[in-house]
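10 protein chains.
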Amino acid sequence: MLKNIPKVISPDLMAVLMKMGHGDEIVLADGNFPAESFGPQVVRADGLGIPELLDAILNFLPLDTFVDENVILMDNGKEEKPPIWEDYKRILEASGEKIKLKTVDRFEFYNLAKKAYCIVATSETALYANVILKKGVVEI
Amino acid sequence: MLKNIPKVISPDLMAVLMKMGHGDEIVLADGNFPAESFGPQVVRADGLGIPELLDAILNFLPLDTFVDENVILMDNGKEEKPPIWEDYKRILEASGEKIKLKTVDRFEFYNLAKKAYCIVATSETALYANVILKKGVVEI
Amino acid sequence: MLKNIPKVISPDLMAVLMKMGHGDEIVLADGNFPAESFGPQVVRADGLGIPELLDAILNFLPLDTFVDENVILMDNGKEEKPPIWEDYKRILEASGEKIKLKTVDRFEFYNLAKKAYCIVATSETALYANVILKKGVVEI
Amino acid sequence: MLKNIPKVISPDLMAVLMKMGHGDEIVLADGNFPAESFGPQVVRADGLGIPELLDAILNFLPLDTFVDENVILMDNGKEEKPPIWEDYKRILEASGEKIKLKTVDRFEFYNLAKKAYCIVATSETALYANVILKKGVVEI
Amino acid sequence: MLKNIPKVISPDLMAVLMKMGHGDEIVLADGNFPAESFGPQVVRADGLGIPELLDAILNFLPLDTFVDENVILMDNGKEEKPPIWEDYKRILEASGEKIKLKTVDRFEFYNLAKKAYCIVATSETALYANVILKKGVVEI
Amino acid sequence: MLKNIPKVISPDLMAVLMKMGHGDEIVLADGNFPAESFGPQVVRADGLGIPELLDAILNFLPLDTFVDENVILMDNGKEEKPPIWEDYKRILEASGEKIKLKTVDRFEFYNLAKKAYCIVATSETALYANVILKKGVVEI
Amino acid sequence: MLKNIPKVISPDLMAVLMKMGHGDEIVLADGNFPAESFGPQVVRADGLGIPELLDAILNFLPLDTFVDENVILMDNGKEEKPPIWEDYKRILEASGEKIKLKTVDRFEFYNLAKKAYCIVATSETALYANVILKKGVVEI
Amino acid sequence: MLKNIPKVISPDLMAVLMKMGHGDEIVLADGNFPAESFGPQVVRADGLGIPELLDAILNFLPLDTFVDENVILMDNGKEEKPPIWEDYKRILEASGEKIKLKTVDRFEFYNLAKKAYCIVATSETALYANVILKKGVVEI
Amino acid sequence: MLKNIPKVISPDLMAVLMKMGHGDEIVLADGNFPAESFGPQVVRADGLGIPELLDAILNFLPLDTFVDENVILMDNGKEEKPPIWEDYKRILEASGEKIKLKTVDRFEFYNLAKKAYCIVATSETALYANVILKKGVVEI
Amino acid sequence: MLKNIPKVISPDLMAVLMKMGHGDEIVLADGNFPAESFGPQVVRADGLGIPELLDAILNFLPLDTFVDENVILMDNGKEEKPPIWEDYKRILEASGEKIKLKTVDRFEFYNLAKKAYCIVATSETALYANVILKKGVVEI
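Chains as they are written, first to last, in this note's numbering: chain F, 1 to 140; chain A, 141 to 280; chain S, 281 to 420; chain D, 421 to 560; chain E, 561 to 700; chain U, 701 to 840; chain G, 841 to 980; chain C, 981 to 1120; chain W, 1121 to 1260; chain X, 1261 to 1400.
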């Protein structure tokens, strides 16, 4: 553990965040997501939920403001959207980043995930809880 | 994630538990423990606390009843013992295992940890929260 | 060995089951199956038969209920079906999972196996004994 | 699977048997034995018992006739010896090898195991079921 | 060395034979064959000829009887066939396997070799001495 | 690059800082230090000086307050101390950590460095510029 | 550190420069460039800027004079060009190499970078600071 | 060093020559050749020239007599051919091998090199000094 | 295969011979020798006998003439010496090397073998057939 | 190849020179030296002599001036010293470094070599040609 680094960020996750560049994407995958068979490198986060990881990651990861969307959620295709989205919106707003949110259906999400830089395999139990973040440029 | 396996148990932690044999010891190390420099293999559990891990592990790990102690805690040398010990005692009792508890001082604990089979590097923030478990025999 | 984990499940097999996600498939391959040349990672289970493994795996692996089939058998193309199918049906029913069974011919089975997440190389000697299981979502 | 090779012998176990030389020892360890922490390389045989492995191995492994003992059992220190010894004696006699049997207590057995060439981690559930075999010379 | 295993079979060769399944092919390549550049894994057998290896392998490897050919030789395109074929035929007949022999020209042989499971790089000095064996099913 | 992580901290250096525990030591070695032959793992920081690294590291690394010294410098044995020490003192004071500084001669420093958790191989050109930091406990 | 080798050149960077041949390209990537996801091997240069690296590299790397361009910059598509280009031009002129400079837009630069021999991941904070160098022939 | 092996042949180069088979090609690349980016495995021969290597290799490597060319040189497209070709011709003639020489232009040479078994990265400073050798059959 | 290299010498064996220096020892171990448990690296030569290997190796390996013995045999302690020694003496004499032969008992041989540079694991079936060769200096 | 780097310096040798620090030693070993069995990492320089390497290395490697000797030669114990020493002395003098030369006998040299940072395995054929260099501090 270190000062100023939330404890849910493992050494492997921090290394991935540091190595990503402008335009690279990271998937925060829920506990049922087939993370290991999609191709990108996997960072495991067993036992952790996505809200606490999302909150911690946004301390460090700038979001891409050059594109039309920098946060992508997996839609359940129903009128009633996944309740965890409320948590996500609150965390995203609190981050100070300029959020451009898009929702896509399950299979489009799968296609995006296969091209991501990294998939974080969490144990999030909420349904349709997967999130993609697109890294932006660090302002100096 | 699987049915009947608590989500705090990662694939690596499960493999370690399965490979341990009678008399092998596992250290549940708090977030300040120098886990990586002690020698035994390390399984990381960033973001997790020890009580939830202890509870999950005791679903699978039998404790050794052939010896004088099978659970070892690190003592703070003070009259007021670490508050987290109360959690541990409750979890241990609820496990159905026959508990033989011993407390040792910090440096004796270090010596035991260096000979353990594995150290689980948690993010437990409570002080003097380290635990050693000694594996027993599976009753058929 | 651990409490509550059947002894036919090796550490490597357990890790694979834990890492699989929704929609990933695992092949239980008989002793003549060309497991090592098909591409997916192989977990060896020399000396073991498929019924005991199937029974053990279904303690942990939920089957996919979002699709039309979650258990796929290799058909011998004859009127008299492989006798081991009776064992399989009994085990599947006893599992409590909602079974959606399909049979395919040998070459279609091969094509499915090449896209699986893992192939378990057993020593099952019964003919046409191969099985594919499709992992579902863990209900919380 | 091959003709003339019993199916309980995995590729890894066969390789170990072939690479051992005169005087090298192999431990058939029961399911509670701390195989992975003793030092020698480990071949896993999850789900298998020792009698079937012992029987299969003796088709290939000559026992050492230059020494005073070539089969070593772990004694339970009781008048009533482990029932599985009867199985072992029957299998050893049927092997055609010249058997020189010794029993040692648990801790002497541990010391021998630490110097062995290989430990086979079985799932044998019988107590005090561990066996050491000392390889001899192939007669041409 | 072991009892009942011919000494020309190395630990690596035995492992390959055991891991192959129904329909997998193994190439016994002569000393001039470009074994290492064809793609499949290579098992080296420097100093050994093909007849002794063929004879040894057929103690363990069943040939495929479900297909039109299970032994494939490289034809020299001449009226006078390679003299070593006489050795091969004698060994194949003595094996007790049901032989279905085919000959192909050098380039068709190359194409088959590139899809094989394994190439054994021998030091056979006879010309046009290469052989492919197709593994069958072990009869129980 | 990330927000809130100084750019002189590489992914490897961050991983090392995160994995260190209470009492582990890190050496910031100047460009002439024989970092690679001392035993501990080396993190390279070619082109960088020690002051900028020290400043960056102290954003994250708590110093050990349970011991008599937590910062150790290599003394030049002269009346006039290395000028870079003035930079170090300013940076250490500005860190907010409770500093306990000790100076040792070159050979005692070498002995300490050999037992450290990690050596950072910088390109610092100042003489007698080496520093050891001892990690403390993260206050929650 | 060595005599006559600038300290910003790490052992890994030097090895890459030495192994490159006529026509191979190296990318000096700024701190926001997605270096790790583009395919070529990455040499990290955390904490360093591009001008000091460019200057150091040109002591050793000859530029290709057989082609129409040997230095490629990423254009910002604006009238006002990146200020760091002035530094680059001064360094390039001072190198004594025959410079053939080309500018391309961001996406054409990406395509070139994906085919490069190596990407150096610097911490350069200037925008549109990326450079590609094409290696030439060493004149003897 | 060994008797009867010229000292310019390194252990790695010898291993490559031994593992090559009939029809495999080896490139002797000059010091400016982009050896490491072409794909085939590279054997380094820093500090050595091609004539001494060519002479040494031809003690062991038979050239292919089944094809139209077994030695391929890179042409400079000028009337005056590279002076080093005279050395090559003398060495080739002295080898006792039946030489079938072809010259190709730079880009055709590159295409051939990309399909070779191995590229030897020499420090030959002569221009247009690259050579491809095609291995033949060892006559017994 | 190559010209002028006997086919019993594998690429791995040749590499070992080339890398050995003055005073290094190589063990030619018979098929019952516990080669893999003695410590030095092992080169396998399954299916081969020692005389053919000894003969081939002495084409390349000079023997050490600075010491009192450069060939060491394992004595059977009987009046009648191992018949294969006659083969060895004939081969050694024919080698042109200056032979200084010593015989030691089995356990002294074991001690020497544990300090050798390499052990060649042959399938020699003759008893007491093990040989150690001590490498000398190449005369230029 | 690069400008300003002599071609006898391979990428591996350069990396070693760069990673060495004050007091680390490098052995330039002749072609008969048992480089691979002494323990330190080995950089191969097959085909090269020591004088050309020594000359090239001294362009970059400062020698240690804090100790009594920084160049150590292996003495032949005879009145007539190895003729190659004359070359060495000329090269050392021309280097501009402050040379402190010592000669030791063969076995003392061996002891020093076992503690070196690296051994360069050259093909130098001169006798008693081995050299140890002790790295000093880079003067800025």
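It cannot be assumed that every hint is accurate.
To be verified - In the DSS-like style, the derived pairs of lysine-lysine whose C-alpha atoms are separated by at most 30 Å in a straight line are: (1) C:Lys1061 - G:Lys938; (2) F:Lys115 - F:Lys81; (3) X:Lys1360 - U:Lys781; (4) S:Lys395 - E:Lys675; (5) A:Lys254 - D:Lys518.
Said to hold, decoys possible - Below, a sample of chain E positions facing chain S; criterion: calculated Cβ distance under 10 Å: (6) Met578; (7) Lys579; (8) Met580; (9) Gly581; (10) Gly583; (11) Asp584; (12) Ile651; (13) Ser655; (14) Gly656; (15) Ile659; (16) Leu672; (17) Lys674; (18) Tyr677.
Think of the hints as simulated: they come from the structure by calculation, not from any bench. The beta-carbon is built from N, C-alpha and C at its ideal position, and this holds for glycine as well.
Outcome of the hint check:
1. With a C-alpha separation of about 27 Å, the suggested pairing of C:Lys1061 with G:Lys938 holds against the 30 Å cut-off.
2. Among the hinted pairs, F:Lys115 with F:Lys81 is consistent with the structure: their alpha-carbon atoms are about 25 Å apart, no more than 30 Å.
3. Between X:Lys1360 and U:Lys781 the alpha-carbon distance is near 29 Å, which keeps this suggested pair within the 30 Å criterion.
4. With a CA separation close to 18 Å, the supplied pair S:Lys395 and E:Lys675 stays within the 30 Å bound.
5. Of the pairs offered as hints, the one joining A:Lys254 and D:Lys518 is violated, with about 43 Å between alpha carbons and a cut-off of 30 Å exceeded.
6. With a cut of 10 Å, the hint placing E:Met578 at the interface with chain S holds, because the nearest CB-to-CB distance is about 8 Å.
7. At about 5 Å, the closest approach between the beta carbon of E:Lys579 and any beta carbon in chain S falls short of 10 Å, and the interface hint on this residue holds.
8. Hint status for E:Met580: holds, given a least beta-carbon distance of 7 Å to chain S, under 10 Å.
9. With a least beta-carbon distance of about 3 Å to chain S, the hint placing E:Gly581 at the interface is held under the 10 Å criterion.
10. For E:Gly583, the shortest C-beta to C-beta distance to chain S is roughly 5 Å, which falls under 10 Å, so the interface hint holds.
11. With a cut of 10 Å, the hint placing E:Asp584 at the interface with chain S holds, because the nearest CB-to-CB distance is about 5 Å.
12. The interface hint given for E:Ile651 is violated, since its Cβ lies 24 Å from the closest Cβ of chain S, which is over the 10 Å cut-off.
13. For E:Ser655, the shortest C-beta to C-beta distance to chain S is roughly 19 Å, which exceeds 10 Å, and the interface hint is violated.
14. The criterion of a C-beta within 10 Å of any C-beta in chain S is not met by E:Gly656, whose closest approach is roughly 19 Å, and the hint is violated.
15. Proximity of E:Ile659 to chain S is violated relative to the hint, the smallest CB-CB distance being about 19 Å (cut-off 10 Å).
16. The criterion of a C-beta within 10 Å of any C-beta in chain S is not met by E:Leu672, whose closest approach is roughly 14 Å, and the hint is violated.
17. At about 13 Å, the closest approach between the beta carbon of E:Lys674 and any beta carbon in chain S exceeds 10 Å, and the interface hint on this residue is violated.
18. Using the Cβ-Cβ criterion of 10 Å, the hint placing E:Tyr677 at the interface with chain S is satisfied: the shortest such distance is roughly 5 Å.
Going down the numbered hints, you'll see the structure goes against 5, 12, 13, 14, 15, 16 and 17, while the others check out.
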